[in-house]
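Trainee: Now for the letters of each chain:
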Amino acid sequence: MPLLCSICKDKRALLKRPKTGTPVCKDCFYWAFECEIHHTIQTANLFKRGEKVAIGASGGKDSTVLAYVLKTLNERYDYGLNLFLLSIDEGITGYRDDSLETVKRNQQQYDLPLKVLSYQDLYGWSMDAIVKQIGRKNNCTFCGVFRRQALDRGAMSLGVDKIATGHNADDVAETIIMNILRGDIARLQRCTAIITGDDPSGIPRVKPFKYTYEKEIVAYAYFKKLDYFSTECIYAPNAYRGHARAYLKDLEAIRSSTIIDIIHSGEMMSVKEGVKMPVQTKCKKCGYISSNEFCKACVLLEGLNKGLPRLGVGKTSKVNQQLKQVNDSKSCECQNKSTKCCLNNVPKTAPSSCPNRSKNCENGDAKFDSPSVKDNQMDKTTKICLTNSEIL
Amino acid sequence: MALTVILEFLGGAEFLFGHVKHHTVSIEKGENKLNISQLLMWIKENLLQERLELFMQGCTVRPGILVLVNDVDWSLLGELTYEIEENDRITFISTLHGG
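Going line by line, the protein sequences match chains A and B.
Per my numbering, the first sequence starts with residue 1, numbered consecutively.
Per my numbering, the second sequence starts with residue 1001, numbered consecutively.
Don't take every hint at face value.
[Claimed, not checked] Here's a subset of chain A near chain B, in silico, CB distances under 7 Å, partners left out:
id, residue
1, GLU214
2, LYS215
3, LYS249
Rather than coming from a laboratory, the hints here were simulated on the basis of the structure.
Glycine included, each C-beta is placed from N, C-alpha and C at the ideal position.
The whole structure should be built from the sequences, with the hints applied where relevant.
Mentor: See below:
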């Protein structure tokens, strides 16, 4: 005896809703799914009539369903929005190039204009090139930071008023857990906001799927036969988020309301009085929103271009130290053509090869001891010239 | 007695099964009934090509993989205890990747 839908009590139930645990039929599922998103949009005032909205589209399940649902609701409830698809090509061979094909198909299927921006064009570095430079750790740091800026720049060039992303309830719950585990109070405060970047200089971002379960997005796409791309990013297995995700899924198996409960906890949490929080200001280099003097994207790029892959990955104090060293070496006026500045032994901005490793550089300036020198123990390489002149 | 079952692996799960989404298999079950728990063991022994931990966790599917039997959520059918019938279509959809 098949179970009947708990809403219409007429048709056969197809899905057990993770949110409520109740069985629903296909049509009631569509209706409930779409209605709840509409309710989220209305209650949080996510959009205004006449706005141009860019949908961050990767070709994956969340953004494909988002594009479909926003288009449907826009027409059904007459939101009066101008919808666009905005896609970022990070330059990950075998992943992004395939998913972009899906976005192009989405453009046809949903009849929405599409713009694609690439890291290569924006930053001069594709993710493949970045990973080659920095290795397989901290890849997501670069990718995520660059993508946020890329989305903003793309949105600005399109002249849009808002960016809509497909972040779902599972994503938000994972992010809350990650920020707790990493002690990132500033992000913890911001990550549950359904509208972010609401300051005058930025383009606001909205998450219409904030309370939508990933399982329902997948089920919706499956039943509606929506076309999406599903492969894990080739650099993802090393991502920290994977741990939070696995933990969350295990918890959900024990207690099905886990995800929505964590979001509730995150929303209700507030920071103690007197806690020093970073002030949001503007990057001195590019003008983008930043909590520090230079925005993360500029710091990361500086690191990539100067051969300092760890720059920007790790503590801010270390970043400042490294940046200072780099800037000091830039101002070195030594004529020494060696790859390292003779003054403080950091890589020069325009390295060229020089075999001279004597105690004095070519124009007679004394070299400082290299960092490997401790006490009176001299590192021979700083003292012996390749022509085997005396140790000084 | 053999049971014909149609297996579908979607949402990225197909990568663990030689990139093939649809498999029609014949499972020897003898006189007894075959439930999903046993089917999973059979899949593990006979079909899974790599990375067991991405498909299964212990005796059940990895959390985050949606299982449907003839398009019906397996949690409405008793999950692992559901008794499979001839020509049933069992779909495994992975939800665990970027969106």
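Trainee: Any CB of chain B closer than 7 Å to the CB of GLU214/A?
Mentor: Interface hint status for GLU214/A: holds (5 Å vs cutoff 7 Å).
Trainee: How about LYS249/A: closest beta carbon in chain B under 7 Å, or not?
Mentor: holds, 4 Å
Trainee: Grab the minimum C-beta distance from LYS215/A to chain B and call the hint holds if it beats 7 Å, violated otherwise.
Mentor: holds, 6 Å
Going down the numbered hints, you'll see the structure goes against none, and every one checks out.
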